[in-house]
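Here the protein sequences come in this chain order: A and B. Counted from 1, the first sequence has number 168 at position 168 by our numbering; the numbering is strictly sequential. Counted from 1, the second sequence has number 122 at position 122 by our numbering; the numbering is strictly sequential.
Hints are not guaranteed to be accurate.
[Said to hold, decoys possible] Taking lysine to aspartate or glutamate and the DMTMM-like style, the derived pairs with C-alpha atoms no more than 25 Å apart in a straight line are:
#1 A:K67 <-> B:E33
#2 B:K170 <-> A:E116
#3 B:K170 <-> A:E30
#4 B:K170 <-> A:E96
#5 A:K10 <-> B:E33
#6 A:K67 <-> A:E30
#7 B:K170 <-> B:E33
In short, the hints are calculated from the structure, not lab data.
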Amino acid sequence: MSLLEVKDLKIHYGGIQAVRGIDLKVEEGELVCLIGANGAGKSSTLKGIVGLLPHGGQVHYAGASLKGRPTHAIAAAGLALVPEGRGIFARLTVAENLAMGAYLRRDAAAVRGDGERIYETFPRLAERRGQLAGLLSGGEQQMLAIGRALMGRPRLLLLDEPSMGLAPLMVQKIYETIQAVAREGMTILLVEQNAHLALQVSSRGYVMESGAITLAGPSAELAADPQVRAAYLGE
Amino acid sequence: MDIFVQQLINGLVLGSIYALVALGYTMVYGILELINFAHGEVTMIGAMVALAVIGALMGVAPDLPGIVIVLGGVLVAVPVCMLLGFGIERLAYRPLRNAPRLAPLITAIGLSIVLQNVAMLIWGRQYIAFPPLLPQGSHEVLGAHISTLQLFIVALSVLVMLGLWFVVQKTRLGRAMRATAQSREVAALMGVNVNSVIATTFVIGSALAALAGVMVSAYYGLAHYYMGFLLGLKAFSAAVLGGIGNIAGAMLGGLLLGVIEALGAGYIGDLTGGFLGSNYQDVFAFFILILVLVFRPSGLLGERVASRA
């Protein structure tokens with residue numbers, strides 16, 4: 001059984017249908033990407049999965065339906081979404097942001113240990129742990145957002161456009177981290193406009209266009225697909 | 001000089017009451033961007049309930065020390081108001097959570113009128129006297145007088161505010177409140193039950209309002225079903241003065257407003273050659289509110305609204 005199974009997911013904004021009945025699956029331990037142009041419905045899909053948007057269709061996680069459950073309960077079930085635009089708490093300090101990631105955990109000692117690991121992974125955050133998160137650069141904020149999500153020890157990590165608006169060097173650093181987290185066994189669903197990067201790090205992928213999935217398969221095959229190359233890889 | 005010190009003391013006493021009420025406005029605004037106009041009425045209900053309990057206790061057990069009787073009133077008024085705050089949020093505001101902003105605002109005004117009328121039906125239109133149960137002593141400070149009651153009001157307010165500051169800045173709940181104020185969506189992603197954080201905010205604000213209601217009625221020696229209106233409006237002005245949504249701002253704004261009002265009342269006669277008297281003291285709060293809105297709309301400690309993340 002898949003860890004995440006989405007069936008016929010439909011999302012409307014007023015009269016506009018952003019997601020038109022898509023199916024997708026993520027197996028335990030996989031890094032799966034969902035690529036597509038801006039406005040294809042990728043972010044809406046993630047928001048639907050975590051209950052931030054009302055939706056039609058089915059979302060099953062670890063065998064149980066998530067439908068109608070509030071976002072905080074879905075988070076408690078082990079799903080962590082790093083939202084588009086990072087969504088850090090600008091007027092909380094770096095350390096407080098990380099503490100928010102561990103909001104549901106009661107094992108204080110282990111939380112401290114995880115915090116130290118995040119700081120080791122991202123020394124920039126360690127230097128700035130007492131600063132307001134709003135003062136961090138975009139890349140540092142992305143590190144913080146990912147670190148904060150990891151603080152909850154999720155079972156499934158949903159990443160929404162982690163490369164957006166970042167300098168190339170920072171994108172590389174973020175992607176190294178994503179791969180490192182995946183190697184440790186984390187299940188990840190990665191949404192990206194940057195198809196090149198996403199297909200490089202993932203094992204499988206879905207291509208989304210105007211609210212529907214148009215192609216799916218192993219990432220290497222997608223990267224070799226002439227349509228994908230023309231539309232998303234700029235060749 | 002004596003007048004100055006005296007009015008400064010009076011202003012600080014009044015200001016610490018304003019600050020307690022202003023905190024309730026600012027915390028709710030911080031999270032929901034809603035001006036809870038019914039908050040002043042919660043203060044009034046606090047005073048009325050406390051007085052009702054005090055009256056009953058005096059009838060049943062007249063030998064109890066006055067301070068114990070007042071404490072009994074407070075101990076009933078605070079939970080009643082907490083329940084009221086919880087109910088207000090649950091019944092009047094939560095169903096409108098995703099409605100256009102005008103809807104909850106109008107609801108707030110309507111609710112405030114409803115609460116006033118309910119209080120009038122229960123307790124009548126007349127002023128209710130606060131019985132002289134509290135110690136009447138007075139102390140001399142720099143040529144001015146400060147009564148035991150005044151000392152007590154300031155001390156209790158400061159203690160409560162320190163406690164609130166600790167909760168908001170240092171506890172898990174406070175962190176969740178601050179996170180929810182910045183983004184309800186992201187807070188929910190962290191596993192925060194946003195609805196219960198919002199309800200808790202109303203409950204805490206209402207507890208502070210109940211305390212303030214008892215204090216203000218003890219201070220002026222009376223309570224009235226309409227008392228929440230002006231008090232609420234002034235506390236709201238104080239919250240705006242300090243920067244609405246900002247907790248330290250509400251504390252500062254409350255104290256400042258109290259002091260400005262008291263000094264204004266003390267000197268307005270001299271300044272206008274006797275043309276205006278101290279009965280114009282209420283004007284100051286709103287004069288200040290207008291000045292702040294013109295010259296610094298974000299308030300003394302408030303951030304520019306555009307800088308909200």
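Do the hints match the structure? See the list:
| no. | hint | result |
| --- | --- | --- |
| 1 | A:K67 <-> B:E33 | 29 Å, violated |
| 2 | B:K170 <-> A:E116 | 20 Å, holds |
| 3 | B:K170 <-> A:E30 | 38 Å, violated |
| 4 | B:K170 <-> A:E96 | 10 Å, holds |
| 5 | A:K10 <-> B:E33 | 31 Å, violated |
| 6 | A:K67 <-> A:E30 | 23 Å, holds |
| 7 | B:K170 <-> B:E33 | 23 Å, holds |
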